[in-house]
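Based on the sequences and whatever the hints tell you, model everything.
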Amino acid sequence: MGKIKQLPEIKEPTRMLLSGNEAIALGAREAGVYFASAYPGTPSTEILETFARLPGVIAQWAPNEKVAFETGIGAALAGARTMVCMKHVGVNVAMDPLMTFAYTGTVAGFVLVSADDPEMHSSQNEQDNRILARFAKIPMLEPSDSREAHDFFKLAMAISEKFETPVMLRVTTRISHAKGIVELETWPVPDVGGFKRDPDRFVMVPEYARRRHHEVESRLAQLRSFSEKMPINRAEPGQGAIGIVTGGISYQHVREIMPGAKIFKVGMSNPMPLDSIRKFAGTVDRLIVVEELEPYYEEQINAAGIKCEGKRFFPVEGELNPEIVARGLHEAGVLDDHLPRLHPVDVDVLPRPPVLCSGCPHRTVFSALKKIKADVFGDIGCYTLGALKPLNALHTCICMGASIGMASGVQQVGGSRHPVVAVIGDSTFLHSGMTGLLDAVYNKVPVTIIILDNRATAMTGGQQHPGTGHTLQGEETFAVDYVELARALGVKNIHSIDAYDLDNVIKVVKETTSSGEPSVILTSRPCMLYPVKKQPEPYKVVLDVCNGCGACIRIGCPSIITIDETTEKGLHKVEIDPETCTGCRLCVQVCPVDCIIPVSESEVEVVQE
Amino acid sequence: MSEKTYSILIVGVGGQGVILASELLSEAAMNAGLDVKKSEVHGMSQRGGVVSSHVRFGKKVYSPLIPAGSADVVLAFEAAEGLRWAGQVKNDGLLVVNTQRIIPPVAFTREYDYPDDPIGEAVKCAARVRPIDGQGIALRLGNVKAVNTVLLGAISGELPISGDIWEAVIKRRVPRGTEEINLAAFRAGIEAVKSEAAV
Chain A
1 MGKIKQLPEI KEPTRMLLSG NEAIALGARE AGVYFASAYP GTPSTEILET FARLPGVIAQ
61 WAPNEKVAFE TGIGAALAGA RTMVCMKHVG VNVAMDPLMT FAYTGTVAGF VLVSADDPEM
121 HSSQNEQDNR ILARFAKIPM LEPSDSREAH DFFKLAMAIS EKFETPVMLR VTTRISHAKG
181 IVELETWPVP DVGGFKRDPD RFVMVPEYAR RRHHEVESRL AQLRSFSEKM PINRAEPGQG
241 AIGIVTGGIS YQHVREIMPG AKIFKVGMSN PMPLDSIRKF AGTVDRLIVV EELEPYYEEQ
301 INAAGIKCEG KRFFPVEGEL NPEIVARGLH EAGVLDDHLP RLHPVDVDVL PRPPVLCSGC
361 PHRTVFSALK KIKADVFGDI GCYTLGALKP LNALHTCICM GASIGMASGV QQVGGSRHPV
421 VAVIGDSTFL HSGMTGLLDA VYNKVPVTII ILDNRATAMT GGQQHPGTGH TLQGEETFAV
481 DYVELARALG VKNIHSIDAY DLDNVIKVVK ETTSSGEPSV ILTSRPCMLY PVKKQPEPYK
541 VVLDVCNGCG ACIRIGCPSI ITIDETTEKG LHKVEIDPET CTGCRLCVQV CPVDCIIPVS
601 ESEVEVVQE
Chain B
1 MSEKTYSILI VGVGGQGVIL ASELLSEAAM NAGLDVKKSE VHGMSQRGGV VSSHVRFGKK
61 VYSPLIPAGS ADVVLAFEAA EGLRWAGQVK NDGLLVVNTQ RIIPPVAFTR EYDYPDDPIG
121 EAVKCAARVR PIDGQGIALR LGNVKAVNTV LLGAISGELP ISGDIWEAVI KRRVPRGTEE
181 INLAAFRAGI EAVKSEAAV
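As you go down the protein sequences, you meet chains A and B in turn. No gaps in the numbering here: position 497 of the first sequence is 497 in our numbering, and each next residue is one more. No gaps in the numbering here: position 149 of the second sequence is 149 in our numbering, and each next residue is one more.
These are calculated hints, taken from the structure and not from any lab test. Ideal Cβ positions, reconstructed from N, Cα and C, are used throughout, including at glycine. One or more of the hints may lead you astray.
What the hints assert, rightly or not - If you only want the chain A side, here are some residues facing chain B, beta carbon under 8 Å, derived:
1) His121
2) Asp145
3) Arg174
4) His177
5) Pro322
6) Glu323
7) Pro390
8) Asn392
9) Cys591
See below:
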């Protein structure tokens with residue numbers, strides 16, 4: 001691949017239909033952002049993918065969110081406007097630098113985009129990161145659609161420079177991945193002021209840090225009165241004696257249900273504009289708070305002595321939608337007529353759980369681990385799908401990199417009678433696996449770590465990482481050598497094997513799990529989807545030979561389907577979809593009667609006949 | 001301009017082109033001078049999961065999500081998905097369902113059954129149901145990938161977007177060299193929904 005394809009420059013004000021993520025990227029460019037870093041993570045990924053294509057900027061993937069954040073601090077202290085983006089759980093990884101960067105403050109503007117995932121569409125938890133902005137004592141803005149995502153980013157940058165503080169722009173899946181019409185403006189030429197030493201500010205040893213903490217508190221006091229005057233915190237006139245406080249996507253749902261309601265819309269939610277809300281509360285008989293996830297507004301409003309109700313009527317779990325908001329408002333006695341009903345007919349249609357793709361190299365590895373009945377400690381990525389039926393071959397998933405530490409912990413206490421294996425993807429290993437591996441070597445843990453190297457950050461869309469040899473903006477670069485890396489960390493027992501060779505995967509895993517020492521197995525085969533979708537190289541079933549045993553069905557390949565034709569014993573035979581079979585040969589290896597052959601060979605036979 | 005907000009739910013299985021279809025619809029609505037919002041969830045879509053895209057347009061659109069049971073049109077790219085989402089069609093709304101069947105692996109391990117007659121069952125849930133053989137129509141035109149535009153043609157009669165706007169968007173957005181076949185597919189979709197009797 002060559003240089004990334006650039007997007008055309010915006011040379012005059014333009015209207016475009018953009019996702020929240022695209023709107024943030026373009027807002028960042030208009031705000032003069034010169035440097036941006038991130039680790040991919042749904043729903044945040046497309047922000048940097050879009051920003052990377054804008055002429056005149058530097059955009060890069062970091063190995064993890066902490067590094068992304070730290071390079072961002074450097075760029076901002078050097079006087080370049082900066083954006084770092086991550087999903088909600090990514091902010092946990094970046095929490096360490098975030099908490100103290102709030103003390104030093106920034107030089108050029110610095111905006112952290114936190115993309116939360118209420119409902120866990122593609123995440124392991126649904127933590128509410130508004131709490132983290134308050135914890136870190138930094139300002140936070142909450143846009144409610146694409147237009148605001150764009151506009152609020154620019155505002156966040158201005159606040160960051162006015163108060164010399166990092167600012168959080170907090171979005172959710174329904175902002176990031178929803179599209180709306182955005183008004184775009186022309187771009188400035190980014191500026192880099194240069195790093196100027198200021199040890200009292202930038203060296204956070206106790207004496208200096210105490211002074212900076214004082215700065216943080218006086219800055220917060222100033223931000224409180226600033227928040228009261230912000231036009232994005234506003235009372236919207238309406239009818240009735242009930243007032244609703246809401247923000248983010250919840251605002252749109254409330255407006256959908258009650259277009260004429262009296263609403264206080266929160267746009268800047270840390271610090272909260274509590275005096276303005278108090279004034280608003282004085283104009284109504286009753287105050288209802290509608291917000292997704294935690295009672296973040298509600299608790300602060302209540303704590304300020306302003307009577308309000310919220311989570312009594314609205315769930316803490318999952319995302320809100322117009323139906324849930326309508327039901328809550330109805331229960332609160334605010335809404336007389338309920339929304340259109342869910343259809344009365346009870347429709348029960350079979351589920352479509354996500355599956356590993358046809359030809360996915362992870363399938364062979366999981367089939368091997370299932371065969372030897374291993375306890376498998378998993379990690380974050382496509383391969384987490386190995387936990388699902390019919391493979392059922394992955395038994396834990398907590399967070400990025402946890403597989404290795406967890407497998408080591410089990411081994412250290414002698415907690416398993418099965419072979420103990422950690423499985424971790426290439427990108428996840430580089431994100432958070434190296435320290436876990438170092439721990440296993442240092443503490444002499446007999447644990448087997450399989451690095452599933454498919455040469456892409458596949459689950460989030462095939463992004464580059466330090467093992468692929470390419471940067472986000474399409475330049476060639478060094479690709480890490482996992483074998484050399486494991487050796488340098490002190491691993492002696494290292495095997496680099498073909499992910500598609502089932503018997504050999506079984507043999508090597510048996511060997512390493514009984515070796516009594518920390519071992520690394522690198523299984524390599526590229527992802528079927530990225531960087532380019534693998535073209536079919538189909539196999540077919542010789543139906544006269546197929547005995548209907550179902551061994552190939554139990555590998556869970558979406559290309560293998562049962563058909564109506566049965567054997568004498570009444571077992572259903574199978575067929576392979578020639579449009580999607582990529583020829584990985586796992587089914588060939590598990591078939592006990594050798595009835596699966598390449599389509600190309602069968603065609604040769606026909607010609608010979 | 002009418003005050004009405006149109007809500008169109010496009011559903012199918014990952015890889016079928018649901019997202020592209022919703023992109024074309026959203027862009028056409030924007031070019032018709034309307035406010036537009038659209039929402040879907042990315043992530044699992046390329047791995048065989050259900051994909052649903054909410055498209056809403058009108059004078060002013062608030063929520064990007066269609067309130068339950070209030071879609072003016074549900075466009076299903078797959079028969080069982082037509083049944084799954086049929087209940088989202090509002091009382092006098094329309095369900096256009098592609099007759100293609102995509103059977104997921106869970107049906108082969110005998111864990112779940114694919115419905116015998118998904119379209120027949122969908123008729124019980126939605127007022128107006130129009131099955132369309134999108135694959136057949138696209139194949140007859142010479143490119144099975146044009147099923148997208150066939151299906152958009154099939155729902156276009158329900159929407160306040162002129163043929164000129166549709167054709168301009170299709171020309172701009174489909175792969176170069178396939179413009180004519182996609183325009184023909186769009187027109188074939190319009191005809192198909194007229195000729196194929198409502199179930």
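Here is how each hint holds up against the structure:
1. The beta carbon of His121(A) comes within 5 Å of a beta carbon in chain B, closer than 8 Å, and the hint placing it at the interface holds.
2. A cut of 8 Å between beta carbons decides the hint on Asp145(A): the least distance to chain B is about 7 Å, and the hint holds.
3. Because the beta carbon of Arg174(A) sits about 6 Å from the nearest beta carbon in chain B, less than 8 Å, this interface hint is met.
4. At a threshold of 8 Å, the smallest CB-CB gap from His177(A) to chain B is about 6 Å, leaving the interface hint in force.
5. Given hint, Pro322(A) at the interface with chain B, holds; its Cβ is 4 Å from that chain's nearest Cβ, closer than 8 Å.
6. A cut of 8 Å between beta carbons decides the hint on Glu323(A): the least distance to chain B is about 4 Å, and the hint holds.
7. At a threshold of 8 Å, the smallest CB-CB gap from Pro390(A) to chain B is about 5 Å, leaving the interface hint in force.
8. Contact between Asn392(A) and chain B, as hinted, is not supported at the beta carbon level, the nearest pair being about 12 Å apart and thus beyond 8 Å.
9. Annotation: Cys591(A) was flagged as interfacial toward chain B, and the flag is violated, the nearest CB pair being 16 Å apart, outside 8 Å.
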